[in-house]
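Student: Order-wise, the sequence lines are chains A, X and Z.
Heads up, the first sequence is in the numbering used here, so the first residue is -16 and it goes up one at a time.
Heads up, the second sequence is in the numbering used here, so the first residue is 12 and it goes up one at a time.
Heads up, the third sequence is in the numbering used here, so the first residue is 6 and it goes up one at a time.
One or more of the hints may lead you astray.
[What the hints assert, rightly or not] Which stretches of chain X does chain Z cover? Using the computed rule of at least three CB atoms under 8 Å from a CB of chain Z, they are:
no., region
1, 25 to 31
2, 41 to 51
3, 67 to 74
4, 86 to 97
[Said to hold, decoys possible] A short, non-exhaustive set of chain A residues, derived as facing chain Z with CB atoms under 8 Å:
no., residue
5, L0
6, L102
7, I104
8, N106
9, Y113
10, F115
11, P122
12, F146
13, M164
14, G167
Worth flagging that the hints you see were computed from the coordinates, not collected in a lab.
Every residue, glycine too, gets a C-beta built ideally from N, C-alpha and C.
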Amino acid sequence: MWLQALPALQEILNLALRIITSRTFLEIVFFPGFLNVMLSAAFLVWLERKVIARIQLRIGPLYAGLSGILQPIADGVKLMFKEMILPELADAKLLMLCALGLMMLAFAPAAAIPFGEGLVIANMDVGLVYVFAVMSLFPSVILLIGWGSNSKYSFLGGLRSLFQQVAYEIPMWLSVLGIVMLTGTLNLTKIVEAQQRLWFVVPQVLGFAVFFTVALAELERTPFDLPEAETELVMGWMTELSGVPFMLGFLAMYTKLYVMSALITTLFLGGWSGPGFLPQPVWVVLKTFIVASVVFVIRGTFPRVRVDILLRTGWTRLLVLAFANIFVTVALMSIGLGSVWRI
Amino acid sequence: MEPLSSYIILSAALLGIGIYGLVSKRNAIRLLFSVELIVNAANINFVAFARYSNPPMLAGWNIVFFSIAAAAMEATVGLALILVAFRLNGTIDVRKLNRLRG
Amino acid sequence: MPDIAFLALSGLVIVSAIFALEARELIYGAVGLAFSLIGVAGLFILLGAEYLAMFQISVYVGAVVVLILFTIMLVRRESGRIVEEEEPGRLGRAGILVAGLIALAVAGAIVILVPISPEAPEFYGVPLPELGRDLASSYAVPLVILGLVIGATVIGGLTLAKVEREKKPNGTTQ
């Protein structure tokens, strides 16, 4: 019976070998996929602590590796060995599942973001709405974590996070409408290609401002970090997570930051375009880190916004700005400047 | 490619599950689940037919577009009604919610 | 050789749908419904309707499921658990019978009566600009009516779910 199974086994091995050496698999695992996002998220943890430390006139992580760069890895290893302490009626399976889900959701948009000409995992014609659709899945997972922790701090934090992220979804969709009108496509690769002459941050200043604000709110970053307000809600929906679920949730936030910064780079800052002395992926990563640094500087500089102002801004004021951006874009197109960006 | 009948059978199975939920569950929110499943079964059917017709008909996608939006709105109103019913009666068991109250 | 993607996705849809209805906790049921809807979105992608799949994910899973989760969390007794239904009993078995018969009838009717060619025609993706143009021209009136109905729904939902606050004598709310 074993002899009969041998050809089938060989065929499965062949298939596995073909998959592993295929270009898409390598892209998914190494660059611009899993390894790239993981390492960059860990790097961003270190970068944030250094930037915030310098703003606050201190030094930040120093001892783990060269200038503390191995600090995130040390934190990760420590968290993996920690005991998972949960309240009595908290749902451990649900929390673990949701933490894993958060990580998966944070990684998912990276599949559509181009890191070079042709260096994209999935060149979808609907890449932009794919990223936004994945972003719209975050609130429900966070709500489940907040509720599943069976603790008032967590639940309130989860609710606040839900309200905040849902409120800023409409400005998110509307602020990129100007770009879609100018290029006529939702394909992120084509949007980057259309910016070869002029980055979209120039004609779409309002859209950029709105989208950047929305990104700050979606990432729960100051000045919108009420779900994490340490003096009020301990740590919001992450309060009761500890050990591995906490590491997953924490890393998911930084992964999301990396992916959103990469998206801002792709949409507004020209993606991979730059002088030729650096390869294209390096330009993308460099611009992404610059955007992330701006986010960190804002965190170290601005106070926190009150929750009702936060929600009102998302539902009303940003909407007005996004519509203004659409009007400006229509005006630009009607003068005939729209053809500058058509491919 | 899968033959069209596979999609029809899948959609009919989903419809069956939805009808089973509607008939035998008494929690109002489960009834809402069942309605959403039925609407999704119909949507799958629309898209499958739009894809397999020759030439592919765009009308199928447009109908599903409106169907998804309409179903979302109906879920919204349904949930608001469930909230109100719970506040007035203390239960969402549809067998107990059988009296019109002022 | 049947398509693995189709089998996997339809398995996800059906199993999650059954789980959504049969899970003890309503929250697990809502999560099951979310997975089922994501499976339906995957089927849309298989059928070449990618934009619809993204629309389904962002509207259904991103909004409706959130609403359902929210409502489940609000509809709770003080003990913390909603009174769940017990074993199906007669009504459950009758339900299965009725549902099975209807599903069989519908599937059989369509498969027998509609002339279906077994081959899928050539198809190179949804022409998005054409979809947009269709929506703006042929479907303009339904689109505007949809917008109005959404507005009415939101206002109605908010009014229904509103909590009346008692006013204190000096005019401020409690």
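Student: Run every hint past the structure and note whether it holds.
Tutor: Consistency of the hints with the structure:
Under the rule that three or more residues need a Cβ within less than 8 Å of chain Z, the assignment of the region 25 to 31 of chain X holds, with 7 such residues. As drawn, the region 41 to 51 of chain X meets chain Z at 7 residues by the rule of a beta-carbon pair under 8 Å; at three or more, the given contact holds. Using a Cβ-Cβ cut-off of 8 Å, 4 residues of the region 67 to 74 of chain X lie near chain Z, which meets the minimum of three, so the contact claim holds. With 10 residues having a beta carbon nearer than 8 Å to a beta carbon of chain Z, the region 86 to 97 of chain X meets the requirement of three or more and the stated coverage holds.
The criterion of a C-beta within 8 Å of any C-beta in chain Z is not met by L0(A), whose closest approach is roughly 18 Å, and the hint is violated. Hint status for L102(A) relative to chain Z: violated, with the closest Cβ pair at about 21 Å, above 8 Å. With its C-beta approaching chain Z no nearer than about 15 Å, I104(A) sits outside the 8 Å limit, and its interface hint is violated. Interface hint status for N106(A): violated, as the beta-carbon distance to the closest one in chain Z is roughly 12 Å, over 8 Å.
Proximity of Y113(A) to chain Z holds as hinted, the smallest CB-CB distance being about 5 Å (cut-off 8 Å). For F115(A), the interface hint holds, the least distance from its beta-carbon to any beta-carbon of chain Z being 6 Å, beneath 8 Å. At its closest, the beta carbon of P122(A) sits 6 Å from a beta carbon of chain Z; the interface hint therefore holds under the 8 Å criterion. With its C-beta approaching chain Z no nearer than about 10 Å, F146(A) sits outside the 8 Å limit, and its interface hint is violated.
A cut of 8 Å between beta carbons decides the hint on M164(A): the least distance to chain Z is about 11 Å, and the hint is violated. Because the smallest distance between the Cβ of G167(A) and any Cβ of chain Z comes to about 7 Å, under 8 Å, the interface hint for this residue holds.
Violated hints for the displayed structure, listed by number in ascending order: 5, 6, 7, 8, 12, 13.
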